[in-house]
Amino acid sequence: MSPATISQSQESTAAAETAGALVRVRDVHKVYTRGSERIDVLQGVNLDVPRGDFVALMGPSGSGKTTLLNLLAGLDRPSGGTVQIGHDRIDKMGEGELARWRSHHVGFVFQLYNLLPTLTAERNVELPLLLTSLSVNERKKHVSAVLTVVGLSDRSKHYPRQLSGGQEQRVAIARAIVADPTLLLCDEPTGDLDRKSEEEILDLLQALNREHGKTIIMVTHNAHAAARARRIVYLNKGQLQSEAIQ
Amino acid sequence: MQRIINWITQVYAVGVLNLRTLPRRFGSSAATIVGVAGVVTVFVAVLSIGEGFRATLQQTGSPSTALVIRTGSDTEMLSGITLMDSRVIQDAPGIARGGSGPVTSRELLVLVDVPKISTGTEANVPLRGVTPEAFAIRTNLHIIAGRNFEPGRNEIMVGAGAAREFAGLQVGSTKTWGKTNWTVVGIFTDGGSVSESEIWSDLTILQGAYNRGTLVSSVHARLSSPDEFDTFKGALVSNPRLNVKVLRETDYFSEQSIFLTKLVQNLGYLIAAMMGIGAVFGAINTMYSAVAARTREIATLRALGFGGGPVVISVIVESILLALAGGLIGGAIAYTAFNNFHTSTMNWQSFSQVAFAFRVTPMLLIQGFLYSVVIGLVGGLFPAVRAARTSVAAALREL
Amino acid sequence: MKFLPLIWSNLRRKRVRTLFTLLSILVAFLMFGYLIAVSNAFNIGVQIAGVDRLVLTNKVSIILPLPISDLERIEQVPGVTDVAHADWFGGIYQDPKNFFAQIAADPERYLRLYPEFLLPEDQKKAWMADRTGAICGKYLADRFHWKIGDRIPIMAAWQKKDGTTSWEFNLDGIYTGATPTTDTTQFIFHYKYFDESRVNGHGEVGWYIIRIAHPDQAPQIADRIDAMFANSDYETKTSTEKAFMQGFAKQVGDIGAIITAILSVVFFIILLVAGNTMMQSVRERVTELAVLKTVGFSNGLILTLVLVESLMLAAMGGLLGLGLAWLLIRRGDPTGGALPIFVMPTGSLALGMVAILLLGLATGSLPALQAMRLRVVQSLRRA
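Protein chains in written order, with the numbering used here: chain P, -12 to 233; chain G, 112 to 510; chain F, 1073 to 1455.
Excised from the complex, chain P in its bound form:
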């Protein structure tokens, strides 16, 4: 990396510090024990993500990027260190608290879409809203709004098996944003898609970030996808290696 880029990255971190980063990861460790084997997946990771950022998390397989994402989503607890999102120290929350917190603050997009096959597109999108106290009509309004944003209003009553891979992922994204979460976390969102669908999804993510101000953290091993983000963070052997600004 050129000195210019390094200093620029230092600047942005500094800016994040002063602006009050949305995501603050400090010295996070994660250890897995498999039988007698002990695996240090994350070894002292520090990361700041300011509001409105679009970060791509890259690294070789086994580098711990999905683990880090899970920690940010509150799906897992760090073995050491702190994770703060907004004003919430999620490393200190109990299971019930985390579930509640997730419903308000996190939208998750999976590589394999993970839509419920027995529900229509709109029912799938509605799921996070069932955890709120919105009325039936209010829920309907939110659902149709996000389906419009992802461009699938005409397929709202279709079942996942009637949709293409790209369409399914768009429904998944709609589901992830319908409750207006603080953070949008994506785990290899285009990993299972053909080239054309991949472009559509990446366009959508970029639009969500630029036009709707969504903060997005995306794990990917695809440099082409990563290029669409504002910032790329490299993870290797459980440690943050470097950053690159787009």
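These aren't lab readings, by the way, just hints derived from the structure by calculation.
Hints may be right or wrong, so weigh each one.
[Unchecked claim] Straight-line alpha carbon distances no greater than 25 Å define the calculated DMTMM-like cross-link-like pairs of lysine to aspartate or glutamate that follow:
1. G:373 <-> F:1405
2. G:290 <-> F:1214
3. F:1314 <-> G:233
4. G:344 <-> F:1167
5. F:1197 <-> F:1288
6. F:1309 <-> G:224
7. F:1309 <-> G:233
8. F:1322 <-> G:366
9. F:1131 <-> G:366
10. G:373 <-> F:1214
11. F:1074 <-> P:190
12. G:286 <-> F:1255
13. G:290 <-> F:1405
14. G:373 <-> G:341
15. F:1233 <-> F:1267
16. F:1074 <-> P:40
Go by the hints and put chains G and F onto chain P.
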């Protein structure tokens, strides 16, 4: 010939495949086996009540003994025959002759209240007044405890079944009915017949205690041979001075059990039918999930050229085997738990208690096994056909 | 409940499997409803027994008679408001299999003691005027297709003065029951005709039926009556009609216990079948449940959703089964005569609901716990 061998090989291959994947489907397979076992257990147990009742009543009576009661009575209890009429009956043709003349027995039947041990409440038990001739008629009678009553004394001898089911009938105890006290002096068996549910006393004493004068309920006669029955009967019914009904003992007792046996059979088959239907649904469920678990393997086999036929057969065979396993277990449980289980109940036709034991007969067990095979067959049919019909492409796509 | 579409969609997942599980549950509850009716029918005598009626029989043996002269003395006992007597005829109509109760009684008295037997006035008058007349209950009339005016011949052990044992009666009336559980299987004729015509047993009756003013006085009045006849040639045993019926029911044996045992087996099996289905269903959905947790569904919510699903399955099968049982019960006695009063007892529906609830909870709890406990990260990694 080659085709048949080919076919059998296919069935065998699919069969082995099925067995290998069985552990995965353990839960549902176990559910089917237990389900069918339950159905067969209940089926056999309930019907063994009827069988036991029938056996007891059929043990009673020999085709060479005839029973004479009053016309119009269903049962000894409601019948009355005078001394004079008894004499006429004793002189009828066809009766075997013993040391002291024709082998006939005059008997009086009344009902007494004895508490039933299992419920603690009182039950109607038959008390039969007999003469020494009664023992010549009932050749299977053995005294297993104490001794016989002495004529002319207030002594009673209790049937083994009655002693088992009703309270206070051990040798040496005293019973008071009305103003009369009776002492139990012995216990007898009679080849498992209905007599074992009775209490016996001296005829004359009983007639006195119950104000019967010289009246009796029935006259039993041992015929010189079973073929003499028609002669014997003809002589009595054609006599204008008598108003009697003549039956072979065996016919009398099977008539007595008709009501209860029919009742038990009707209810038993009804219950078994309902349970069977439930079991079929359970079996279908199991087989559907069994087939679903093997979709990939079956599709692969078929893509390789295995015919739809062997698939169907193998699924049905597996279903039948599971059901049969359940049937065998159910039959075994029914036999060990219920065979020879002693109890007693009220025979409405004679208004008195009959002690009997549940009887799990080989016929019942066979019926139970056949039933389980049918359940297995029906349960496996639809899933089997569906497995064979699903197009290979669709099956592979399902993955 | 806004989660209903979600729960419902899970039941529709493997429609065939859900259908067959539902059908097995249906059959189990069909049996439940039906067998409870059977058990009830065996004990129905106990339930329809009059609260204010006592029965008086010969103490020595039930088959021994009582003198009719006792009637006056019984009437004088304080607390007794009415007395009737009856005799068990015990004859055969065409075939010994056609068993039914034939009662010789004083018509006025008997009908007074059993006001639940409803007889139209004109039929009653006709019967009173007809010495060889008889009335029967509607169930009996339907069973043998009898009409008013029919001549009913019955062969009995009682010999008539003319030497025959065949008795004939004119059917003058058919009575109905005041409630669905009233006994309409009786055949009642004049005691006078019976007593005048028979060779033996003049002046004797089989038993007395007594009405008392206050049901709670029953034990005292019973004791008083029995004391009155103690040490006579015809000692009496007086008990409430209920206790009397109970005695008979108990003599048949513990039908209740047998039925309970059968139903327990049935329910145990159903538990396995339905429980197995639920376990399979949850196992197949591990990824989806993990996704729901990711979205923010709490553990408690997931547990509840699975339990509700299980309860819905139990409820659908159970209610249909109970409904079918009710329909089947309306078709009447399955034994052809042994259980004339065959109805669905009022408590059984409530009992059925409880059973449905218990079944739903029992089959759903293990899968629900499994669903609740699954770890999101591991479950997703499986995919």
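Taking the hints in turn, this is what the structure says about them:
no.: 1; hint: G:373 <-> F:1405; in the structure: holds, 13 Å
no.: 2; hint: G:290 <-> F:1214; in the structure: violated, 45 Å
no.: 3; hint: F:1314 <-> G:233; in the structure: holds, 14 Å
no.: 4; hint: G:344 <-> F:1167; in the structure: holds, 20 Å
no.: 5; hint: F:1197 <-> F:1288; in the structure: violated, 35 Å
no.: 6; hint: F:1309 <-> G:224; in the structure: holds, 12 Å
no.: 7; hint: F:1309 <-> G:233; in the structure: holds, 13 Å
no.: 8; hint: F:1322 <-> G:366; in the structure: holds, 24 Å
no.: 9; hint: F:1131 <-> G:366; in the structure: violated, 30 Å
no.: 10; hint: G:373 <-> F:1214; in the structure: holds, 21 Å
no.: 11; hint: F:1074 <-> P:190; in the structure: violated, 34 Å
no.: 12; hint: G:286 <-> F:1255; in the structure: violated, 36 Å
no.: 13; hint: G:290 <-> F:1405; in the structure: violated, 43 Å
no.: 14; hint: G:373 <-> G:341; in the structure: violated, 29 Å
no.: 15; hint: F:1233 <-> F:1267; in the structure: holds, 10 Å
no.: 16; hint: F:1074 <-> P:40; in the structure: violated, 35 Å
Of the numbered hints stated above, those contradicted by the structure are hints 2, 5, 9, 11, 12, 13, 14, 16, listed in ascending order.
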